[in-house]
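Colleague: The lines below spell out each chain.
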Amino acid sequence: KQEVTQIPAALSVPEGENLVLNCSFTDSAIYNLQWFRQDPGKGLTSLLLIQSSQREQTSGRLNASLDKSSGRSTLYIAASQPGDSATYLCAATGANSKLTFGKGITLSVRP
Amino acid sequence: GAVVSQHPSRVICKSGTSVKIECRSLDFQATTMFWYRQFPKQSLMLMATSNEGSKATYEQGVEKDKFLINHASLTLSTLTVTSAHPEDSSFYICSAIHGTSGAYEQYFGPGTRLTVT
Numbered sequence: 001k002q003e004v005t006q007i008p009a010a011l012s013v014p015e016g017e018n019l020v021l022n023c024s025f026t027d028s029a030i031y032n033l034q035w036f037r038q039d040p041g042k043g044l045t046s047l048l049l050i051q052s053s054q055r056e057q058t059s060g061r062l063n064a065s066l067d068k069s070s071g072r073s074t075l076y077i078a079a080s081q082p083g084d085s086a087t088y089l090c091a092a093t094g095a096n097s098k099l100t101f102g103k104g105i106t107l108s109v110r111p
Numbered sequence: 112g113a114v115v116s117q118h119p120s121r122v123i124c125k126s127g128t129s130v131k132i133e134c135r136s137l138d139f140q141a142t143t144m145f146w147y148r149q150f151p152k153q154s155l156m157l158m159a160t161s162n163e164g165s166k167a168t169y170e171q172g173v174e175k176d177k178f179l180i181n182h183a184s185l186t187l188s189t190l191t192v193t194s195a196h197p198e199d200s201s202f203y204i205c206s207a208i209h210g211t212s213g214a215y216e217q218y219f220g221p222g223t224r225l226t227v228t
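Top to bottom, those sequences are chains A and B. Mapping to this note's numbering: the first sequence position 72 is 72, numbers consecutive. This note's numbering runs 111 ahead of the 1-based position in the second sequence.
You may find that some hints are simply not true.
[As the list claims (entries may be wrong)] Derived contacts from chain B toward chain A, CB cut-off under 10 Å, selection only: (1) 145; (2) 149; (3) 154; (4) 156; (5) 164; (6) 168; (7) 169; (8) 170; (9) 172; (10) 173; (11) 204; (12) 217; (13) 219; (14) 221.
Calculated from the structure, these hints are not laboratory results. No residue lacks a Cβ here, since even glycine has one placed at the ideal position from N, Cα and C.
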């Protein structure tokens, strides 16, 4: 059974800092890995999707990497802004398209 | 493109009543949709896989007679919470698959906040 772990559960940084959010998964047999953003009381916004054959994806200030062999993915946020404050979830897609989510990292960017 | 809607966004009901939540793919056809539940400060937990034209597949521990799923068309899946109880209060989110096999991506609806009093 796939398990996805995100540590730490919460992170507080000053504005402008570059930061890395970590995600680990136990079963490397994944089709892809997705990073999502969730604002309080809201649904999910897809940030980046990395296919199993890819190593990384970039969108604006976000860069996500994937190392299947070690069961790790990282989300890099450059020049963080207060508007980046949210919960960031990673999820691994396995058999039958099922997503297994981590518990998320709640990020707070202080002005 | 690839927009998924949910209705209603919020619903309050009394214990013992039933509530129906709709999930629609607005600009694509989705043969497979998923229903998730999220409790406060917890992650999303998959409840069931909804397949168009066939019975839903439920995850272990999810009561299929309590959470009725109907995927009547390629753009609509419904989740009915029957005989709702306060412990069913949660955030319910659906997703739909868009894309070819091997490159598929799940697109999520905005969620439905259910409160059972």
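Colleague: Each hint: holds or not?
Modeller: Hint check results:
1. 145: holds (7 Å)
2. 149: holds (9 Å)
3. 154: Holds - the Cβ of residue 154 (chain B) comes within 10 Å of chain A, reaching about 4 Å at its closest.
4. 156: With a minimum Cβ separation of about 8 Å from chain A (threshold 10 Å), the hint on residue 156 (chain B) holds.
5. 164: violated (16 Å)
6. 168: holds (8 Å)
7. 169: violated (12 Å)
8. 170: With Cβ-Cβ at 9 Å, under 10 Å, it holds.
9. 172: Hint violated; residue 172 (chain B) Cβ to chain A Cβ min 13 Å, cut 10 Å.
10. 173: Residue 173 (chain B) check fails; min Cβ-Cβ to chain A is 13 Å, beyond 10 Å.
11. 204: Holds. Min distance 6 Å.
12. 217: holds (6 Å)
13. 219: holds (4 Å)
14. 221: Check passed: Cβ of residue 221 (chain B) comes within 4 Å of chain A, closer than 10 Å.
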